[in-house]
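Chains as they are written, first to last, in our numbering: chain A, 42 to 200; chain B, 42 to 200; chain C, 42 to 200.
Any given hint could turn out to be false.
Pairs of lysine to aspartate or glutamate residues, derived as EDC-like cross-links and limited to a Cα-Cα distance of at most 20 Å, are as follows [to be verified]:
| # | chain 1 | residue 1 | chain 2 | residue 2 |
| --- | --- | --- | --- | --- |
| 1 | B | K121 | C | D166 |
| 2 | A | K152 | A | E177 |
| 3 | A | K133 | B | E103 |
If you are wondering where the hints come from, they were derived from the structure by calculation, not from laboratory data.
In this text, all values refer to a predicted model and were calculated from it rather than measured experimentally.
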Amino acid sequence: MGEQKKTTIILFSGDYDKVMAAYIIANGAAAYDHEVTIFHTFWGLNALRKDEPIQADKGFIEKMFAKMMPRGANKLGLSKMNYAGFGPKMIKDVMKKHNAMPLPDLIDMAKEQDVKLVACQMTVDLFGLTHEEIMEGVEFAGVAAYLADAENGNVNLFI
Amino acid sequence: MGEQKKTTIILFSGDYDKVMAAYIIANGAAAYDHEVTIFHTFWGLNALRKDEPIQADKGFIEKMFAKMMPRGANKLGLSKMNYAGFGPKMIKDVMKKHNAMPLPDLIDMAKEQDVKLVACQMTVDLFGLTHEEIMEGVEFAGVAAYLADAENGNVNLFI
Amino acid sequence: MGEQKKTTIILFSGDYDKVMAAYIIANGAAAYDHEVTIFHTFWGLNALRKDEPIQADKGFIEKMFAKMMPRGANKLGLSKMNYAGFGPKMIKDVMKKHNAMPLPDLIDMAKEQDVKLVACQMTVDLFGLTHEEIMEGVEFAGVAAYLADAENGNVNLFI
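This is chain A alone, in the form it adopts within the complex (with noise of 0.2 Å):
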């Protein structure tokens, strides 16, 4: 281990509360001059996608998932209490009321502190995403490179 602090979070999970807390807790390491990797997989992976719908050559399944899936970080419903949408509704009034970031800022403080923001290609493919529908600035590897990143450094979540 060497002198660099390192964070590296795998976010699984698509749900508003943990995706909201993978970042809290990247941008706090980030803050603490660690450097930060989010890798995401599965539907870790929506939190990334732009919001507008992009048009793309697809297949049936492919197109099945990429229209039940949510389209980025506003979309994104509850782990617990979700109550169809109402949930994460409430999440953010209370959010706004006391000041505390959205996803959406939260994701852009990040890349703004050079957390680096990974998509899963083996994900991207099964869900068959193209890299049109991701935001800017973000990359696309697999397990190797997240091994790299965690095996150097000792705060490694799995979200």
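Got chain A sorted already, so can you dock chains B and C onto it with the hints?
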């Protein structure tokens, strides 16, 4: 990394089974002389709520949150097979049969073993809870305190 | 920390997608010469159940648990978009289309790469399972064994 082994758990989940897993690992690690911290955030905070209702002056959304969320370890649901509360009863029955400790006892044991129990202050604010609603012996802190614990150990889990 | 890199995963979840993520990380880490352990606890134990029913002398609750829980990797549901079993079929179809390995093959591959598969003895007792119901090549151990593996490595995940 010094000589002292450390286990630092972020407890995000408020599911009975996951909270139980967190406390079993924490108690095990404490028994093997690890310095152990459980950082309770989001739904995980509910495990630390006192089980009697506390009078507090709150806004509407805060009252709703406080009402809808389970009050204390014994009221939590299961992550799987909850079956409207029947699942937790089954688990508790089978635990009693096998002389396994119920969750409130696991929490008491953690306190006796000097496991540091931390409540995320941001979550306390967000859910509109007051310090009086949280059990005795709990510290209040944020992501900076979490990182200070986590970056010097290597058993770091997000549950 | 010695020369040998270590990846130690607590697999708590029994969701098809999360179990798949655990085994993909484990196989990746093994390919990069990590010493890898997957410690299966709670619902994660279901991934190790043999898929044929095993005759065993059990009490009523144990029989109910054994009946309600999925028997083996191929029967698991998804954490999201399960749609009464339709989700796993979609995932499996799309995996086949992209030549991705189905879960039972990922488990076989892990065994071939000497990933240590551990079943949590406390969970085995709690769910009233017998060792005969668990696939060959699995060790039975507790939290002490987990800690012994985890405290000497730094890629420690709870899935």
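What are the numbers of the hints that this structure violates, sorted from low to high?
none
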